[in-house]
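Produce the entire structure from the sequences given, and follow the hints as far as they go.
There are 2 protein chains.
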Amino acid sequence: MGKYDALVELLLEVVKEGGDIKQEDYSIPVGISNRHIHLSRNDVNALFGEGYPLTKIKDLSQPGQYACKETLTICGPKGAIENVRILGPERQESQVEILKTDCFKLGLKAPVKLSGELQGTPGITLVGPKGSILLGQGVIIAQRHIHMSLENAQRFGVRDGELVTIQISGLRGGTYANVAVRANTTSQLECHIDTDEANAMELAPTSKITIVK
Amino acid sequence: MGKYDALVELLLEVVKEGGDIKQEDYSIPVGISNRHIHLSRNDVNALFGEGYPLTKIKDLSQPGQYACKETLTICGPKGAIENVRILGPERQESQVEILKTDCFKLGLKAPVKLSGELQGTPGITLVGPKGSILLGQGVIIAQRHIHMSLENAQRFGVRDGELVTIQISGLRGGTYANVAVRANTTSQLECHIDTDEANAMELAPTSKITIVK
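In order, the protein sequence lines correspond to chains D and U.
Just so you know, we're using the working numbering here: the first sequence kicks off at 1 and counts up by one.
Just so you know, we're using the working numbering here: the second sequence kicks off at 1001 and counts up by one.
Just so you know, the hints here were simulated from the structure itself, not pulled from any lab data.
Only a predicted model underlies this, so the values are computations on that prediction, with no experimental measurement involved.
Glycine residues also receive a C-beta, built at the ideal position from the N, C-alpha and C atoms.
Everything hinted at is true.
What follows is a list of derived Cβ distance ranges for each label pair:
# : chain 1 : residue 1 : chain 2 : residue 2 : range
1 : U       : Ser1040   : D       : Gln154    : 58 to 66 Å
2 : D       : Lys213    : U       : Ala1080   : 41 to 49 Å
3 : D       : Ala80     : U       : Ser1132   : 23 to 31 Å
4 : U       : Thr1206   : D       : Leu171    : 24 to 32 Å
5 : U       : Ser1027   : D       : Pro111    : 20 to 28 Å
6 : D       : Asp25     : U       : Leu1150   : 39 to 47 Å
If you only want the chain D side, here are some residues facing chain U, beta carbon under 8 Å, derived:
#  : residue
7  : Leu99
8  : Thr101
9  : Val112
10 : Thr175
11 : Tyr176
12 : Ala177
13 : Ala200
Following this line, the structure appears as structure tokens:
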């Protein structure tokens, strides 16, 4: 084999090996949330009957979280929305996460808040098969956020609680600022936005985003 | 008056004058569009009766454009939406501008297009008081755009047809890319987005945006 052929062979080998080099993947899968409800045990009792067990129908991507068979009607001063899904497990305090779009229909102003930040938020009436209750507070528009493990936080160079900007590609693309990082030992990597935010940027359940800070 | 007092006096004068210097305002008002319909004369005839005149109830910000008293029901393969507003004046071809949110309810996939770019877009059934018609095409999600005069285009350093990025401030802020500049001699300065895009970024009719390119 002459020098020329040896060179070609070597080049081919190097190119082939090069093809195996993996570029680190910094893309983040998207989870799109529709309006939903988290309930306390007391409120489950009032709406479905004492001791009623919520029925899991589907695990969600975050460990331990699931969608329930049960739904409720939520009623504000101007209108009602039926078939709003309950997510489990039960929580210390009930919380209703709605869309900005829903605020007009229900006739209430919900603030953009992180899950659990319920101080001073408006209330709403929940109607179930065995009763209805008026929540004194707990209606929010969920602030977009990214769940991730502590290892991923290190890999992305971010920390729990930090606000980052995310980039969405495509004709309807752009950036969303103030996306909260929620990093802990158990979380699965996923960026949570609601259907308003998904529709405005044409994001689908298969979409991925990147952090641009 | 000593040197010190003279200096203080002069400083005060300069500061006062400085306060009068006007910073040029590069902010752009926002117009938020809900789903709506533009109709051809033939389609008005079919839906409302031969020669029926559409009734103007409100001028829109763009010269010559107005909201009509009349509404229609739009029907896709999966569902219908009632009370969809007709905007005047009549056009050469009917066009139905819906939201991404509506696509799920109606059961159709509308592409993001500039007004008038109807080639290959899906059709829809329109139901009026005197008849219904099946449009062969014309359903779009309006691509966000900024109307402006040629003078404003020059001031912003953009040209008709250019795609720019806009910046929205606030907790739910961010940027929208691919906003089309529509500059001509008659347009009023206004950035048109739809309710999905407004809700995702918490924009209100009083909001302003800026071009960041």
